[in-house]
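The whole structure should be built from the sequences, with the hints applied where relevant.
So the sequence lines, in the order shown, correspond to chains A and B. Just so we're aligned: 396 in this note's numbering is position 396 of the first sequence, and the numbers increase by one with no gaps anywhere. Just so we're aligned: 531 in this note's numbering is position 126 of the second sequence, and the numbers increase by one with no gaps anywhere.
Simulated from the structure, these hints should not be mistaken for lab results. Among these hints, one or two may not hold up.
[To be verified] Only part of the chain A face toward chain B is listed, based on derived beta-carbon distances under 8 Å: (1) 40; (2) 75; (3) 76; (4) 255; (5) 280; (6) 315; (7) 317.
[Claimed, not checked] Here are the simulated lysine-lysine pairs, DSS-like style, with alpha carbons at most 27 Å apart: (8) B:544 x B:582; (9) A:58 x A:45; (10) B:582 x A:90; (11) A:42 x B:582; (12) A:90 x B:544; (13) A:45 x B:565; (14) A:90 x B:526; (15) B:526 x B:565; (16) B:526 x A:140; (17) A:80 x A:90; (18) A:180 x A:167; (19) A:140 x A:70; (20) A:302 x A:270; (21) A:150 x A:70; (22) A:45 x A:147; (23) A:45 x B:582; (24) A:147 x A:80; (25) A:368 x B:582; (26) B:526 x A:91; (27) B:565 x A:90; (28) A:167 x B:565; (29) A:167 x A:140; (30) B:528 x A:90; (31) A:289 x A:339; (32) A:139 x B:565; (33) B:565 x A:70; (34) A:335 x A:270; (35) A:42 x A:379; (36) A:106 x A:80; (37) A:167 x A:139; (38) B:582 x A:314; (39) A:45 x A:32; (40) B:544 x A:42.
Just so it is clear, the structure is predicted and the values come from calculations on it, not from any experiment. We put the CB at the ideal spot given by N, CA and C, even for glycine.
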Amino acid sequence: MIKSAKRAVLFINLLILILLITSCRDQSRQVKNKYSLFILAKNGKNYLMETNSLAGGKLIPEETGVSLEKVELDRDIIVKDGFYYRKEWKKPLFTKYKINNGVIEKVAAVAAADFSLENFYWLSGDTLLLIGNNDSDFKKIKFILLKTEKMIVLDSGDLTIPRPSGKYTSIANGIVEMRKNKLFIGYTYHQQLSSSNYTTSDTTYMAEFRYPEMQLLHIDKDTRSTYPGGLNTVQNYSFNDELHNFYFMTCPGIALGNRPDRPTGIFRIKAGEEAIDKEYFFNLSAPIKNHSYGMWYLGDGKALVRSERKDLFKGLNDHYSTAHFEFYLIDLNGKVLQKLNLPLDKGTRRACVIVAGDTAYIAVNSSKAGNFIWIYNYKTGSLKKGLELGGSTDFIMRIDQLNNF
Amino acid sequence: MKISNALIEKYHHHQCSAEEREMVEQWLFSVDDESEELQLPAREDKLLHKQMMWDDIKSVMISTAVQPQPDDKKRYSMLNWKSGIAASLLAGIIVLGGYRFYSKRNHPLPLTYITNSSTVKVKNIAYNTYTVSLGPMTKATINNLTGLIDFTGSLLISPKEDVLITFEGSNEQMMLKMGQTYVVLSGKTVNDRIIVVNERNINDLPPVIQQQLLQHFNI
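Printed below as a string of structure tokens:
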């Protein structure tokens, strides 16, 4: 009797040990993935998917995707080191999320009162600078500086950028760039004409601040094009080349600035300079005869731009649903461009390009040829299909480098 | 003016004083300013509604008239007259009550003219096939029979089944799908445009318009 009791105790202890070992193994089995994909399905549901390769295979969001039904997570997000960040629309919070065992979970949040996020900039390590409007009347540009590892706000406040005056009703921030202790903020002003119509000033403004004091040093103005950048939480509009020359694009087309009379242009702030280079302007609308939105740097002075086809859409009502976007390889120095042989893409604005070495992964939503990640080598010019998103996929809304390894 | 059931009964039994009779007749034959619900919206056909009400009253009276005739003609013709009046009043009360019920329960008639003059609040209307939310400072004329919506301002439409809608000024019939929510904006100014976007694609709208929607609908 005593023997059997002893055996039972030993057996239970052994069972607990086995369970502990297997649970540890499960935790270590939680593999970090390199990439994440944000999918909008045909039924209106959003999914996040994580994968280690974009080079091939097929993913079905409703089978292996993480449903975002229970969280307020849309595609205007920041993705870094396995985490997803978003300024919540309905709450004054900037929230950090993580996918754990196939479920999206809130990790932490910081206060972001009266704040509508437009752009972000990663400083060293986990220091993140958020730039946005006050969401009470969109007349101020504000900032929040935080550490994302522990989710602690270091500083926040208003930037001393002149508020809209005269006929102008709101302000739009579109570019954020940091050079040592100098912060550059690109912006312009809007005039609301009615509940469904607005226009934009013909001027691109670039304000320079001393960082971290956030002291305004000067404001540069340029009328060669307007509406600098856009929301980089949704799509990218700027980059530095290998020599630290900073390039940004303007988006006066109907989907952003609504000044279609002005051309899409690329501006430059040369390395070491503190003002827009008056000698440099790459007018993209002249050769393409359309407006562009979105720009990604490849290397060696080459970049990709995403350009609309006004002969294929009627207006804003079908701008997002009609496949009409084309990708161009552009040479920043020679100011020449070449159209990529890709199917027409749909979705007005998307974070749809990841660059790794000589390769660019380009997510294309074709109405006829499916939803694929295309693999483009800008040096050899080779272009082939990679990962397919099947099932109920309607749009690949964004692809991100989730982890670097 | 307060007219009780007892007073109406007294009136029909010819038991009212001259003053009471005058009060009842004034109530019966005049438009009461306090009854705001009886004010038909603009563009509503008053004659059509009048005809509908009389048809309802008539149907009650006819059904009363086809009942078996009693032996005592005089007694029953008196009863018929009384029940006719009672039926008319009853039908009238049912029709008017129904109209009030519809107005209060936000089940509008096929053609409705709605104004949301609030600068902050949203006004919600439920139809059989869809619900519509009017943003602040929005005016709309909604014809549920033809599917034509003429409006200025901002709307959110959530169809309960697939519906075909034409927005005045766009000259194009649009299929709005069940279970989705659509954002519709119209300014009605020179060079203005009507914007119809599925709520799920709201991030594709220009940020300025997204800001408007955030302020209007908190979406």
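A quick look at each hint next to the structure:
For residue 40 of chain A, the suggested interface contact is upheld, since its CB lies about 6 Å from the closest CB of chain B, less than 8 Å. At about 6 Å, the closest approach between the beta carbon of residue 75 of chain A and any beta carbon in chain B falls short of 8 Å, and the interface hint on this residue holds. Taking 8 Å as the C-beta contact cut-off toward chain B, the hint placing residue 76 of chain A at the interface holds, the least distance being around 6 Å. Nearest Cβ of chain B to the Cβ of residue 255 of chain A: about 6 Å, under the 8 Å cut. The hint holds.
The beta carbon of residue 280 of chain A is not positioned within 8 Å of any beta carbon in chain B (closest approach about 27 Å), and the interface hint is therefore violated. The beta carbon of residue 315 of chain A comes within 6 Å of a beta carbon in chain B, closer than 8 Å, and the hint placing it at the interface holds. Checking residue 317 of chain A against chain B: minimum C-beta separation of about 5 Å stays under 8 Å; hint holds. At roughly 24 Å between alpha-carbon atoms, residue 544 of chain B and residue 582 of chain B fall within 27 Å of each other, so this suggested pair holds.
For a cut-off of 27 Å, the pair hint linking residue 58 of chain A to residue 45 of chain A stands: about 19 Å separates their Cα positions. This hinted pair checks out: residue 582 of chain B and residue 90 of chain A have alpha carbons roughly 25 Å apart, not beyond 27 Å. Note on residue 42 of chain A and residue 582 of chain B: the hinted pairing holds, with a Cα-Cα distance of about 12 Å set against a maximum of 27 Å. Simply put, residue 90 of chain A and residue 544 of chain B have alpha-carbon atoms about 26 Å apart, close enough for the 27 Å limit, and the pair holds.
With a CA separation close to 18 Å, the supplied pair residue 45 of chain A and residue 565 of chain B stays within the 27 Å bound. A distance of roughly 16 Å separates the Cα atoms of residue 90 of chain A and residue 526 of chain B; the hinted pair therefore holds under the 27 Å criterion. Restraint check for residue 526 of chain B and residue 565 of chain B: the C-alpha separation of about 23 Å stays at or below 27 Å, so the hint holds. With a CA separation close to 24 Å, the supplied pair residue 526 of chain B and residue 140 of chain A stays within the 27 Å bound.
Taking the CA atoms of residue 80 of chain A and residue 90 of chain A, the gap is about 23 Å. The hint holds against a cut of 27 Å. For the given pair, residue 180 of chain A sits about 36 Å from residue 167 of chain A by alpha-carbon distance, which is inconsistent with the 27 Å threshold. A threshold of 27 Å between alpha carbons decides the hint, and for residue 140 of chain A with residue 70 of chain A the separation of about 32 Å lies outside it, so the pair is violated. Pair hint residue 302 of chain A plus residue 270 of chain A holds up; C-alpha atoms about 16 Å apart against a cutoff of 27 Å.
In summary, the hint linking residue 150 of chain A to residue 70 of chain A is supported, as the alpha carbons are separated by about 24 Å, within the 27 Å threshold. The straight-line distance between the Cα atoms of residue 45 of chain A and residue 147 of chain A is roughly 31 Å, outside the 27 Å bound, and the hint therefore fails. Proximity of residue 45 of chain A to residue 582 of chain B is assessed by CA-CA distance (about 14 Å); at most 27 Å being required, the pair is judged to hold. With a CA separation close to 13 Å, the supplied pair residue 147 of chain A and residue 80 of chain A stays within the 27 Å bound.
The suggested pairing of residue 368 of chain A with residue 582 of chain B holds, with an alpha-carbon distance near 22 Å, which does not exceed 27 Å. Among the hinted pairs, residue 526 of chain B with residue 91 of chain A is consistent with the structure: their alpha-carbon atoms are about 18 Å apart, no more than 27 Å. Restraint check for residue 565 of chain B and residue 90 of chain A: satisfied, since their Cα atoms lie roughly 25 Å apart, inside the 27 Å limit. For a cut-off of 27 Å, the pair hint linking residue 167 of chain A to residue 565 of chain B is broken: about 42 Å separates their Cα positions.
As the CA atoms of residue 167 of chain A and residue 140 of chain A are separated by approximately 16 Å, the hinted pair is consistent with the 27 Å bound. At most 27 Å may separate the alpha-carbon atoms for a hinted pair to count; residue 528 of chain B and residue 90 of chain A meet this at roughly 19 Å. For the hint linking residue 289 of chain A to residue 339 of chain A, the alpha-carbon distance of about 13 Å falls within 27 Å, and the restraint holds. Restraint check for residue 139 of chain A and residue 565 of chain B: not satisfied, since their Cα atoms lie roughly 38 Å apart, outside the 27 Å limit.
Restraint check: the Cα-Cα separation between residue 565 of chain B and residue 70 of chain A comes to about 22 Å, which is no more than 27 Å; the hinted pair holds. Between residue 335 of chain A and residue 270 of chain A the CA atoms are separated by roughly 16 Å; this keeps the pair inside 27 Å, and the hint holds. For the hint pairing residue 42 of chain A with residue 379 of chain A, the CA-to-CA distance comes to about 36 Å; that exceeds 27 Å, so the pair is violated. At most 27 Å may separate the alpha-carbon atoms for a hinted pair to count; residue 106 of chain A and residue 80 of chain A meet this at roughly 15 Å.
Our distance criterion of 27 Å between C-alpha atoms is met by residue 167 of chain A and residue 139 of chain A, whose separation comes to about 13 Å. A distance of roughly 21 Å separates the Cα atoms of residue 582 of chain B and residue 314 of chain A; the hinted pair therefore holds under the 27 Å criterion. Taken as a hint, the residue 45 of chain A and residue 32 of chain A pair is honoured in the structure, with Cα atoms around 25 Å apart against an allowance of 27 Å. Under the criterion of a C-alpha separation no larger than 27 Å, the hint pairing residue 544 of chain B with residue 42 of chain A is inconsistent with the structure, at around 32 Å.
The structure does not agree with the numbered hints 5, 18, 19, 22, 28, 32, 35, 40 stated previously, though it agrees with the rest.
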